[in-house]
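*Asks:* Could you put the whole structure together from the sequences, leaning on the hints where they help?
The chain contents come next:
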Amino acid sequence: DTGVSQDPRHKITKRGQNVTFRCDPISEHNRLYWYRQTLGQGPEFLTYFQNEAQLEKSRLLSDRFSAERPKGSFSTLEIQRTEQGDSAMYLCASSLGTGTEKLFFGSGTQLSVL
Amino acid sequence: AQSVTQLDSQVPVFEEAPVELRCNYSSSVSVYLFWYVQYPNQGLQLLLKYLSGSTLVKGINGFEAEFNKSQTSFHLRKPSVHISDTAEYFCAVSGARNTDKLIFGTGTRLQVFP
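Chain order of the listed sequences is A and B.
For the first sequence, my numbering begins at 1279 and goes up steadily by one.
For the second sequence, my numbering begins at 30 and goes up steadily by one.
Treat each hint with caution, since some may be false.
Claimed, not checked - Only some residues are given here: those of chain B computed to face chain A with a beta carbon under 10 Å:
id	residue
1	Ser55
2	Ser59
3	Phe63
4	Leu80
5	Thr84
6	Ala121
7	Lys130
As the list claims (entries may be wrong) - Capping the alpha-carbon separation at 25 Å, the derived lysine to any residue pairs in SDA-like fashion look like this:
id	chain 1	residue 1	chain 2	residue 2
8	B	Lys78	A	Ser1305
9	A	Lys1380	B	Ser81
10	B	Lys98	B	Phe142
11	B	Lys98	B	Pro143
Read the hints as simulated data drawn from the structure, not as lab findings.
Glycine included, every Cβ here is placed at the ideal spot set by N, Cα and C.
*Replies:* Encoded structure:
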């Protein structure tokens, strides 16, 4: 059990650029979640996957955001045409089973849009 | 839908003093309740959870919380804090039947002074 891994840890980009983040969940964890955390706020749910199926997307996830989990293992979160308001910590979490009884979080990717 | 309110954004306390971090939730259905801790530059770590059964829940690092259904509260307590407990603490809720995602509060910053 090596924990949930996120890459990169930090990303600085210019407004209008596209960015992609990667999350590697704990091996054999079938659920994978993406959350966004802005300064002074709690994590906000973005989307989650059960294996490779994306089962729910938050209204926070605009058309510029897309997430994939092609083989039910790692996941990517892409933001197109970034805006300054996208600056936040993007957290990935994984769990085994079908519930929220225990989520394991990664250390996050800190995005700064200049 | 569920929601969580953490009334105290910051709680300063001296080392070895007791502490209580308050959490109130709102839900029309039965809930699961959680406390997570976030140390600087790290992801969230589960402290404790209430799923069912005894309303007094004990977690890691000497923390405990009590589920009070009539007051819709799930306050976190520790009888004697350490400097190392300085961190951000998040209360979270999910529906007991629909456990697809966690809804987090805005967090409480616990600052322990020597």
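*Asks:* For the hint on Ser55/B, does the least C-beta distance to chain A fall short of 10 Å?
*Replies:* Violated, because the Cβ-Cβ distance from Ser55/B to chain A comes to roughly 15 Å (cut-off 10 Å).
*Asks:* CA of Lys1380/A to CA of Ser81/B, is that 25 Å or under?
*Replies:* holds, 14 Å
*Asks:* Can the restraint linking Lys78/B and Ser1305/A be considered satisfied, given a maximum Cα separation of 25 Å?
*Replies:* This hinted pair holds, its Cα atoms lying about 23 Å apart.
*Asks:* Was the hint right that Phe63/B lines chain A, CB cutoff 10 Å?
*Replies:* OK, holds: Phe63/B within 10 Å of chain A, min 8 Å.
*Asks:* Does Ala121/B hold up as a contact with chain A if the rule is Cβ-Cβ below 10 Å?
*Replies:* holds, 8 Å
*Asks:* Is the interface hint for Ser59/B satisfied, with its Cβ closer than 10 Å to some Cβ of chain A?
*Replies:* Cβ of Ser59/B sits 13 Å from chain A, so the hint is violated.
*Asks:* The hint names Leu80/B as touching chain A; please verify it with the least Cβ-Cβ distance against 10 Å.
*Replies:* Where the cut-off is 10 Å and the nearest Cβ of chain A is about 7 Å from Leu80/B, the hint holds.
*Asks:* Does Lys130/B meet its interface restraint, that is, does its C-beta lie within less than 10 Å of any C-beta in chain A?
*Replies:* holds, 5 Å
*Asks:* A closest beta-carbon separation below 10 Å is what the hint needs, so does Thr84/B meet it against chain A?
*Replies:* violated, 17 Å
*Asks:* Mind checking the alpha carbons of Lys98/B and Phe142/B for me, to see if they're no more than 25 Å apart?
*Replies:* Roughly 33 Å separates the two Cα atoms, so the pair is violated.
*Asks:* So if I understand the rule, the pair passes when the alpha-carbon distance is 25 Å or less; does Lys98/B with Pro143/B pass?
*Replies:* Given that 25 Å is the threshold and the Cα spacing comes to 36 Å, the pair is violated.
Violated hints for the displayed structure, listed by number in ascending order: 1, 2, 5, 10 and 11.
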